[in-house]
Each structure stands twice: as structure tokens, then as C-alpha cells.
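Q: The chain contents come next:
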Amino acid sequence: MNTFKGRFYSIFIISYYTGYVILGIALLMVLPILTAVGLQEWNPFWDFVITMAISVILGLLLIIIGKQTRLNKSFVQWKHGFVVASLSWIILMFLCAVPYLLSGHVNSILDACFDVMSGFTTTGMVLTQDLDHISLSLNMWRHMLTFIGGQGMIVLALTFLLKETGGAYIFYVGEAKDIDLVPNVKGTARIIWKISMVYLLIGTTALWLDGMAIGLNPLSAFFNGLFIFASSWSTGGFAPYTQNMMYYHSFSYENLTIIFFILGSLNFGLHYAILSGNKKELLKNIETQSFFITSFLASVLAVMWLARTGVYNDAIAMFRRVVYNVLSAHTTTGFGSIYARQFALEWGDFGILILVIVMLIGGSACSTAGGFKGLRIGIIFNSILADVKRLLASERNVKVFRFHHIKDQILADGPVKASALIIICYLITFAIGTLIGTFYGYPLASAAFESASITGNVGLSIGITTPGMPAAMKVYYIIAMYLGRLEFLSVFALIGFIIGGIKKCWTK
Amino acid sequence: MLDKIIKTLIVTVSLLFCLNGGVLAADLVELNQLVENAEAMDGQIVTVTGEAIGEAMERGDHAWVNINDGTNAMGIWMPLDDAQRIKMFGDYKHIGDQLQVTGVFNRACVEHGGDVDIHSNSITIMAAGYATTESVPAPKIIIGLVLVCLAFVLGLIYLKVIKKSDG
Numbered sequence: 452m453n454t455f456k457g458r459f460y461s462i463f464i465i466s467y468y469t470g471y472v473i474l475g476i477a478l479l480m481v482l483p484i485l486t487a488v489g490l491q492e493w494n495p496f497w498d499f500v501i502t503m504a505i506s507v508i509l510g511l512l513l514i515i516i517g518k519q520t521r522l523n524k525s526f527v528q529w530k531h532g533f534v535v536a537s538l539s540w541i542i543l544m545f546l547c548a549v550p551y552l553l554s555g556h557v558n559s560i561l562d563a564c565f566d567v568m569s570g571f572t573t574t575g576m577v578l579t580q581d582l583d584h585i586s587l588s589l590n591m592w593r594h595m596l597t598f599i600g601g602q603g604m605i606v607l608a609l610t611f612l613l614k615e616t617g618g619a620y621i622f623y624v625g626e627a628k629d630i631d632l633v634p635n636v637k638g639t640a641r642i643i644w645k646i647s648m649v650y651l652l653i654g655t656t657a658l659w660l661d662g663m664a665i666g667l668n669p670l671s672a673f674f675n676g677l678f679i680f681a682s683s684w685s686t687g688g689f690a691p692y693t694q695n696m697m698y699y700h701s702f703s704y705e706n707l708t709i710i711f712f713i714l715g716s717l718n719f720g721l722h723y724a725i726l727s728g729n730k731k732e733l734l735k736n737i738e739t740q741s742f743f744i745t746s747f748l749a750s751v752l753a754v755m756w757l758a759r760t761g762v763y764n765d766a767i768a769m770f771r772r773v774v775y776n777v778l779s780a781h782t783t784t785g786f787g788s789i790y791a792r793q794f795a796l797e798w799g800d801f802g803i804l805i806l807v808i809v810m811l812i813g814g815s816a817c818s819t820a821g822g823f824k825g826l827r828i829g830i831i832f833n834s835i836l837a838d839v840k841r842l843l844a845s846e847r848n849v850k851v852f853r854f855h856h857i858k859d860q861i862l863a864d865g866p867v868k869a870s871a872l873i874i875i876c877y878l879i880t881f882a883i884g885t886l887i888g889t890f891y892g893y894p895l896a897s898a899a900f901e902s903a904s905i906t907g908n909v910g911l912s913i914g915i916t917t918p919g920m921p922a923a924m925k926v927y928y929i930i931a932m933y934l935g936r937l938e939f940l941s942v943f944a945l946i947g948f949i950i951g952g953i954k955k956c957w958t959k
Numbered sequence: 013m014l015d016k017i018i019k020t021l022i023v024t025v026s027l028l029f030c031l032n033g034g035v036l037a038a039d040l041v042e043l044n045q046l047v048e049n050a051e052a053m054d055g056q057i058v059t060v061t062g063e064a065i066g067e068a069m070e071r072g073d074h075a076w077v078n079i080n081d082g083t084n085a086m087g088i089w090m091p092l093d094d095a096q097r098i099k100m101f102g103d104y105k106h107i108g109d110q111l112q113v114t115g116v117f118n119r120a121c122v123e124h125g126g127d128v129d130i131h132s133n134s135i136t137i138m139a140a141g142y143a144t145t146e147s148v149p150a151p152k153i154i155i156g157l158v159l160v161c162l163a164f165v166l167g168l169i170y171l172k173v174i175k176k177s178d179g
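Order-wise, the sequence lines are chains A and B.
One rule links them: number in my numbering = place in the first sequence (from 1) + 451.
One rule links them: number in my numbering = place in the second sequence (from 1) + 12.
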């Protein structure tokens, strides 16, 4: 039954679903609240109570405004999915920034929003100050944001809060997670969350045990294990201390993070295939092939280059300070085992260029990683090869080219065009970021490094991202992180929707 | 005249003494300066100060203690006995002991897999750390309670509205 009245029914649909997303994230604030109670951190306790109450009020108001949608779910279209995803991210950025702001560890609301967007998008850049003295509950929140952002918060909220999710695939794609592991979205979302929770258990336990072995006390080892796992798996790069991975001074701890951030950067479809017994998929998949080739080449080139500079004199140092950072950059994690300024002072232009390239390539599609993704690189590379083969083949010989991603797929013009378009969008965003950086007086190599890190949702910094950087750069970086994570389409849909709405009002 | 010369000499010697003391103070290096000038400072004996943060991580007869001087943070590799003298480490509820560390700065430590660190020769606790007192401002509690009540009321309205729209 259609009970929608007027031309603006889309607003009700968007309001309804956005309300549920906000309500879902508000309910998750229970975790930092419980942490604050357990550890008797009373200021953060009230900060989270205030934020949760504001979020619940806003969420419920939006649901009540859009209540007609309950009887008109068949009207939900693709554009609504994209707009809900992109709009929810903006509203949640402001709401989730409230605990940061109330904690007094950020200079402004802009810095707080920057850190939240950095968490949601699994970037891992930090403007929060004096990390060594922030509360465990705020640290819990920081790492939860990056963990939830990595798995897909829109889907999490809608799948677990709504009974009927027949059209939820629309929202799924809106958040750049277009994968169907099982025929229904609810099942797919549950599988993704099940995979993540199993790894959370294994990863936290492994890091907890190793943390105690390297000298952390049991409680601290547990929280550090939980936080570092959340950051590794979501390829986020946040850490509870200023020194990031350098705090632990441990090869074994670094190795565990490598395992988990590489696993996190792989496609959920690949995890599911392997867990379902299809182990050959790991070798056949175009994304794993692409990732292993590019990460091997980048590591070798970076090691060869830095061996010439003579900074690191042995294989272990090379692995821990060079290969670690290359892998961290390539998987878009952003854990750093050297100081940010060391990239600028010791890596040289060639080293920086290698990192810029791998940061832009990023991890796998439908994973927690950023960048323009190995799948797209593989498709473009295969299409170039196919074109060359076509040129060399006889005109009578019509050949169909394929690539393997979970299943054999035909290399048609559609996916090639879509991949090329997304890559071009990433490159434009990267170029604008570099341009703005150089405009504000940063050296070209540094501006390019930071812009690639932001656009690819990586989080490694060369020293530009500080609370003192120009506000315009902070705003652009927020936009670039947001665009990069949602892979442009949802944001374009939101802009189109707003312009369309204005036009409708104008012509009325 | 001789009196004047003697007085001038005394003042000059005193000034020299003071300036010499100043030079000793200037030997203190900020951690960020070490990072920025790592190549030049590599292998040199440096003196740094900073707050002990997190916790000491014991590794055999030595331990890692990370210090933060406000410009940056860095790991100090020190004998376990020295680490055990540190009573308070900085975190949300504590300001850690303020340490003065003299030791060898390594740009890429051979012993520790290329770590940027300082191997300490001596540690002095300049100021003891302390527990910070946490007080929640009354307006924060009042605003929190009002918002929780509002959320609760709206929750009731939501249940009523949704029930009505479904029914």
C-alpha cells in the first residue's frame, strides 16, 4: 500500500534508515561506557552518556519523521542506499566527535571530526593530542570506530536493528561492500561479522599472550592486544600510544600485526571461500596475485634503495623498518615502525615514491582496506594484456578473456570501464591533495606522500598532519578520506540528491 | 685601580662559571631534536628528560621504558634495577616520574632491529610522579541527566508511534 504523499517521499525513506544507523551506533556506545565504569573513569563516562543520549534522540527523531517508510519499503531505490550511506557518515562524524571534544584532548571540533573520519575510514591519522594520557574508554572508542568502520557500520546497524532487510543490498553497495557471499544480505553481513569476530578472538588472544611475554602487565596486555588487533584487522593504524608500533619494541608483536593486517586487507569473499574449504582460491584469485606481486616488488625496491643509504645494516632491521612500513602502507594500515619525519629525512624521493604508489594501490575490494584496490589494478592490467593479445591475434579469431575472482569472470568492457573510472577519481583526489599541500608550502614529495596516505585511507604520515596544519588542509583531508572510503559513488549520489532537491523546490 | 681590576676579574670569572653551567644545561636535548638530527647525533652520548609513560617492559636483566618530553616520545633501554626505581608511569590517572637520562643515542640500533632508541648510562628521577584527581563538573552531570531523560521520553514516543503505524 502506498501511503507516501507528495514529491518528497525520498526524504522520509532517507530519514528513516539514517535514523536506524544513528541509533545502532548510539547503542554501541555502551561499550566505552562500561569500560569507563569498570575503570572508574568518570569524566569519560559522562562524555559518553551525553553523546549516547544526543545520538539516541536524533536517531529516534529521524525514525519518527520517516515512519511512513515502514509501510512503503518497496519504494526504496539505489539512490536512497547511496544517500543514506554518505549522509549517515557525515552525521555520525559530528556525533562521534563529541567524546573527543569533551575529553579536552583536541584543539577544536574540526580536529575531533578529523580523527573520527580517520577512524571510520580506517585511515589512522591522528590529531588527538597527548595520547599517552587519554582514558582507556576513549581509546576503546577510537579503536571501536576503526573496527566498525572497517566492517561496514551501515550494514551492521541495519542488519541487526531491522527485521526485514530485503532491500538491504542497496545500503551494502552504498558503503562500498558489494559482495554477496550467500543469497541474502542479512546472511552475508552476518558472515562478515562472524569472520571478523572469530579473528577478533584469535587476534586479541595472540596479542594478549605476546604482550605479556614482552613485559606488559596482564590487564594492559589485554587492552593493548584488543586495540592493536582492532587496528590491524580493520587496516586502521590507530594505536593507544604516541609512538604507535614503536612503543612495544618487539619483533614478535610487529610480526603478529603483519599477519592480521594482511588478513584484514583480503577480500571477505576470499576468507569465506577459504573457510568453506576452497583453499586454492588464495592462489588463483586475481587480487591475491596482484597484492603479492606489487608488495614483493615494492619491498624489494625499497630494501635495495635503503641499503644504498646505509641507514639499516642488517636483514632484521631492514625487515622491521622497511618491509614492515611497505606492507603497512600497501595494506593501507598505517602502523609505523619509524618516526613520521624519518620518511622525509631518510627514505629519499625514491623511497617516498614507492610508498606513494603502494598506498594508492591499497588492499582488496570488499575488505577493510582502502586505496583503489588490487582487483581494479588486476582488471586494468589484464585488459591491457587482452588488448595487446587481440592486436596480435588474427582478426578472424574472436577470443574471450577471463579473470578469476572467487569465480571465473569474463573480462568485459563494463568492469574495465568502472575500474578505470574509480582509479581516475582516486588520482584526481590525490592530485588535488598534493596541490593543496604544495600551496601551503610543503615540499612536493611530502605533500604527495601525505595526500596518497589520506586518499588511500592509509594513515602513515610524513609529518604534515599535525594539529597546527592549515584548517583548509584538514577539511580537504576529511573530504578525501570520506571520498576514498565510500569510493566516490555514494558521495556523488548525495550531492546529486541535494541538487535535485533544490531544483524540485525551485520549480515548485 | 688594582681594586677595580680585581673586581672585574672576579665578575668575569663568576660569569664564566655561570656560562659554563649554562652550557651543561644546554646539553639537554629534546627528543624531537634527536629525530630531526638523527644522522648527526647517531652514536653520541646525549642527556634527555621526559615523563615515564605506560609501563616498564622487562626483557631479561634490562627493560624498555618509554619517555615523553612533550616534543616526542622515545624508548630508553636501561638496566632492570634502574627501571625498578621508577615508581609512577604516566597514563590517564597518573603523571609519571620525570626522568633525566644520559645515554647513547642510536638512529638505527643494531641490537634492537633498527630501533631509534637511547641506551642509558645513568637515570635520575628529577621529580616523582603523582596520581591526578578527577572531578566531574556539575553542569556536565546535569546536562547528561537531562539528555538521558529526554532520550527516555522520546523512546516511549517512538514505541507508541511505531506501534500505531504498524497497527
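Source of the hints: derived by calculation from the structure; they are not laboratory data.
Treat the hints with care, as some may be off.
Here are the computed lysine-lysine pairs in the DSS-like style, where the Cα-Cα straight-line distance is at most 30 Å [what the hints assert, rightly or not]:
#	chain 1	residue 1	chain 2	residue 2
1	A	K518	B	K176
2	A	K955	A	K850
3	A	K925	B	K152
What you are looking at is a predicted structure, and each value in this text was computed from that prediction instead of being measured.
Q: Hint by hint, note whether the structure agrees.
A: Structure-based check of all given hints:
no.: 1; hint: A:K518 <-> B:K176; in the structure: holds (10 Å)
no.: 2; hint: A:K955 <-> A:K850; in the structure: violated (49 Å)
no.: 3; hint: A:K925 <-> B:K152; in the structure: holds (29 Å)
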